[in-house]
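J.: On the provided structure of chain A, position chain B as indicated by the hints.
Number of protein chains: 2
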Amino acid sequence: MHAITKITTSVKAFPLKEGGGTDSVHTDPVYSYAVTHLHTDSKISGTGIVFTIGAGNREICSLIEGLAESLVGCEIEELMSQFGVAFRQMADHPQYRWLGPHKGMVHLALASITNACFDLWAKSRGVPLWRLLLDLSAEQIVNTLDLGYLEEVLTKEGALGILLDHENSRSEREEILELGYPGYDTSIGWFNYSDEQVRENVKKAVAAGFTAMKLKVGSPETERDIRRAYLVREGAGADAKVMLDVNQSWTLPKAISTSKALSDMSPYWIEEPTQPDDVFAHQTLAREIAPIDIALGEHVSNRVLFKNFMQAEAVKFVQVDCTRVGGISEFITVSLLARKFGLPVVPHVGDMGQIHQHLVLFNHIAMGHEALFLEHIPHLREYFLHPSVVNGGIYETPQEPGTSSDFV
Amino acid sequence: MHAITKITTSVKAFPLKEGGGTDSVHTDPVYSYAVTHLHTDSKISGTGIVFTIGAGNREICSLIEGLAESLVGCEIEELMSQFGVAFRQMADHPQYRWLGPHKGMVHLALASITNACFDLWAKSRGVPLWRLLLDLSAEQIVNTLDLGYLEEVLTKEGALGILLDHENSRSEREEILELGYPGYDTSIGWFNYSDEQVRENVKKAVAAGFTAMKLKVGSPETERDIRRAYLVREGAGADAKVMLDVNQSWTLPKAISTSKALSDMSPYWIEEPTQPDDVFAHQTLAREIAPIDIALGEHVSNRVLFKNFMQAEAVKFVQVDCTRVGGISEFITVSLLARKFGLPVVPHVGDMGQIHQHLVLFNHIAMGHEALFLEHIPHLREYFLHPSVVNGGIYETPQEPGTSSDFV
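In the order they appear, the protein sequences are chains A and B.
Counting with my numbering, you get residues 75 to 482 for the letters of the first sequence.
Counting with my numbering, you get residues 75 to 482 for the letters of the second sequence.
Bound-form chain A, shown alone (with noise of 0.2 Å):
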């Protein structure tokens, strides 16, 4: 029995080497992080996190306070046994939720809660979070989840559906535990680094096993992005995967005439290419540059907003990310929209991939997803009490208890 005592909240920051993590709209970052602690009544505690790029934090953490007090009290396998109805009570606070609902502030606020949920879970089941996933049935994974608005393409019978049909074939696709998750190097091109710097990473990158990569453009002079994305497209060789990331920095005309313009150096995705509410301006940029796919998620605050993506065609690669979206459990619930749409889904690391390593492996064997590969960035790497292992450009599969997330 471990139930929860007390709920407390710290704020994690982290200053950059100078100019690592800078695109062209986020020009000054901090990463940084709001954090949840659920105290027990046993030595086991519960860490979640949310991730900012410097502002807001104090302010997150007093949300989570007060939308997390609901919790004080509860055994967590009691609790965890229908998390989805906890997710809506705090999701659909009478008064949290005219704050959003389920986006910004207040919905960073309930992922880091629960995260930090997820954690106490698989901690006081002694199991890493990939694990404890696995080990739980389709039931009771579903029971982790809020479905809500999403009854039209996704129902409780169609989630179950999905884990179901992938459970016997399971045994295929767990070989990845030992072969390792592949990862991708999204440090060779932060935007303010030098073309000479830029050109030295993707050195190191290919040294260091890596197959594919990403570049940070949306300069307002087209000129440099286009002389970058071919600087890495030489550096890197034909054979590896170059993604073009333009943190919405582009008005859609701008980005169809850039993306067509960028098209000869065939980038494997084209992120974020304007701003993320915009569903329409992302199905029309989809049909005009075709082949080239979109990538987005960074900034999509919740399901039902990818279930517009993915009802527009708008979106090939989904980059949910549990520390946007409600956290884990509304992870999950994308990943399984994202499967019925026949969606790869790639996760934005606001974690530093220190909890999307755990998912990526569950998302692959539960529901089938590709093993494609999963964005790494080292630079919280010494900050982290068990920092991800990224070794020849592949992940190693966590083996401490919970979900990798804990500071030193």
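A few of these clues could be false.
Which copy? The list can't say, so a pair holds if one copy fits it or any two copies do.
Said to hold, decoys possible - Result set (DSSO-like, lysine-lysine): computed pairs, CA atoms no more than 27 Å apart in a straight line: (1) K91 - K277; (2) K277 - K315; (3) K230 - K328; (4) K334 - K91; (5) K334 - K230; (6) K230 - K86.
No wet-lab data here; the hints were simulated from the structure.
Here the structure is a predicted model, which is why all the values come from computation and not from measurement.
T.: Chain B in isolation, oriented as in the chain A frame:
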């Protein structure tokens, strides 16, 4: 000259009388404001409000203080001459932007700031907001807006065009200033009111001169919704406009079936039938239940989502609220969009109609929007220094300088 010397914030919270303000989702509201105060080197100060239903005010105030810092030292005429630029800089602040973008609490903070800037501007000229806006040239109006991410449907030239096209015919519409703007009564049928109370309130509303009124529905028992809807229709008469407000509590399948079941009492609109990010659900619903119209906007965060709803033909009555989107500036942007799409603007009044009574006059006179009616909720009258005056169901044109946002 009125330069901003200091920015402070305050919280105003007003518990309601029993059952007042309740709906199917927000069951326990405390009507509240996170208030921005712009102090100047003169005697004038600017007051900006943003609405919540209780939780989160303190956190919004903290965001306001961080986000508005850059305005200290600005001279108000100079600031407002290019307010669109300042608005974008705050909306796209390199760290705060992560918390939205353009939605949730960080956007509520921006709304409060923006509304304070317009309040200070109007007061510094000694005129009510509607007069200030009508006195500005089309170019000056457009310079207060951020039209980013709308390029494919509304350019700067397009926005100017709408205003210029309606300049010559303004005098015909200026008679509204004498006649007053029609109101509709939202307070007849809060969710927790008994049938008897609703019946009484309808009588009072009719006696007070209202020909339009709104009932809260969205009960788990559809029968209750139907019974009460007919009860209002009976009391209000066949010619009255009766609106039904679901406050997002239906799923799409339930929205379709219940709207159809309610069609015989001829609702003037069905409001917020389901989750407010769900463009496609509303599109499907609009097609299924035509000719019943859909109203929404109370929880639509920004111009981009409004654009999508309009592109999808998923909304008829645009209920943009300057205490939900980024303040008066984005309210005008959305009103221009609505004009472009030929849709009426009927604001939701998180401000209790204090600011919107100015804005609907501007929309009607300067853009040619139909003077349909403005929501009226009297519960906070006693707390405002210059409460809106509604007589015979008609809003009297406010004459005091500013946006009518000061509290007693």
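J.: With reference to the structure, classify each hint as holding or not holding.
T.: Structure-based check of all given hints:
1. K91 - K277: within (20 Å within a copy, 68 Å between copies)
2. K277 - K315: within (14 Å within a copy, 69 Å between copies)
3. K230 - K328: between (41 Å within a copy, 16 Å between copies)
4. K334 - K91: Neither way: K334 and K91 sit 34 Å apart in one copy and 60 Å across, limit 27 Å.
5. K334 - K230: between (41 Å within a copy, 25 Å between copies)
6. K230 - K86: Neither: 37 Å inside a chain and 43 Å across chains, both beyond 27 Å.
Hints 4 and 6, counting from the list given before, are not met by this structure.
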